[in-house]
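**Student:** Sequence:
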Amino acid sequence: MTASPHAVLAATFAPGETAVTAAMRFTREVMTAWATGGVLHTAEQVAGDLAEQVADEPFEVIWKHLGDAVQVELRQRYLSQGDPKAPSGNVEEWGVTFTGDSRVHWARLTLPGSPDMVAAEWLEESARGPHWLGFLADASDLLAGTLDPDMVPAIIAQVVVPRLSSWCAVYTSDSSLGPMRLVYLWHADEARIDGLREQLADMDVAAADARVTSTVHLADSQVLAVPLTARGRGLGMMCLGRPDRFPDDVIQFAEDIGRRAALAMDNARLYAQQAAANRALQRSLLPPNEPEVPGLDYGVIYEPAGETNEVGGDFYDLFKAGDDSWRFAIGDVCGTGPEAAAVTGLARHTLRLLAREGYGVAAVLGRLNQAILEEGERARFLTLLHGDITPVASGLEVRLVSAGHPEALRLKPSGKVEAVTTPQSLLGVFHEVMFEADTVHLEHGDVLLAVTDGVTERRSGGRLLDDDGGLAKLLAECAGLSARAVAERIRRGAAEFASEPSQDDLAIVVLRAR
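Using the numbering used here, you'd call the opening residue of the sequence shown number 1050 and step up by one each time.
No lab work stands behind these hints: they were computed from the structure. No false leads were mixed into what you were given.
Listed next, with one range per pair, are the computed distances between beta-carbon atoms:
#	residue 1	residue 2	range
1	Q1248	A1063	37 to 47 Å
2	A1528	S1548	26 to 36 Å
3	G1281	N1338	37 to 47 Å
4	A1250	Q1322	23 to 33 Å
5	Q1323	F1430	20 to 30 Å
6	Q1248	H1090	30 to 40 Å
7	K1465	V1441	13 to 23 Å
8	N1338	R1541	20 to 30 Å
9	Q1248	A1059	23 to 33 Å
10	A1528	P1064	30 to 40 Å
Don't be surprised by glycine CBs; every beta carbon is placed ideally from N, CA and C.
Given only the sequences and the hints, what does the whole structure look like? Please build it.
**Tutor:** What follows is the structure, given as structure tokens:
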């Protein structure tokens, strides 16, 4: 559809009344960063026209710099919609393509003038007035708009070229004492990038002053080396090159951009480290394996809420407890984040340890309740469904306890659905609590469904999914399906119940007697 882009900037937008204006504002920031003022108004209009056609559902806006043109793409999961309309602005060409389950509505605009001309016009304009204030504001918006450490160097280079320099090289280091390496290189003339890269291989960037801006000579360019320092830590170096001397005002702009870029880079690194820690913690709280249980077909779905799959309060487990018995659990800790994760870890390890010591499901919950209360101020309420599975000739014998958890449902092959648990006290509230186990027999083909409130309390307006037995009705439609298919059908039903993304964790456990 297009040639290889020189640069790409993208953003995702939620549906709603502000989606169109947000897409236009993002377009204005991109055009300003790329110094493509000649098509700014047309680009905004085109982005707004395309966004209006898809604003009822989430969509992604992708701008691509093609050298002599820019192209906008609005990517959206394919939905049944009317015929796409051409943008009202003056575009070189437009169209619609389909990739997988996504639809891309795109348009291309030709750029007037050359990069050198644009840079000269911008410097002339900035010398006559406060244009640099808008430049710095737009640069700050772009830098603050990403938390991806790999994207920040690309944004830095595309902000300063061709406004401040003919080319830009961004170097970073993993630590203040580590060696610096070239992570992004951008030139106003793409054909010269490979040759410039070879020249930079001979330049000792470590020789530049890491504390203040300094100049270095490289072949036919003067190089301005701007340290990237944030919170007292050296993160790297931004090197700008141009054939003539750097004016004082350009040096000031470069230093200001360097400070903002370093802070954005540090924020992105900290965010990435926290996200990685969250993912590692989340993985440590999930079952290490999925055991084979004679006579049991099971399906599990687990979806923590949050853009970075933040550690959730929901959890599940399935493990071998003895020679002929297995245990399962599904729970929901009040809250999210590390505090909830601490209780999740306590619950999972306590369940496994006591089960292997021979304690029944009711006794295990009593001791877990006491362990949670002993956490003191760190304690969190916990709802839990815990069961023991024993294969028998006619199917499965299940003894289970529901501690404040959404009721478990049994589905017969005939389509009949019934609740099979007795509501009892949730954990972490009362010291003196006695639990009693319910015994449920699953004949061949019977299905037992357990979910967290991310399913039952899925909200659409003033209505919950489980109002008037909504979950039981969903389950009744699953007669004859495998355990995995039942779990997926329940997940899809919860997702389709409301148009907004869920703000709660979701866990589904399905047990089916073979």
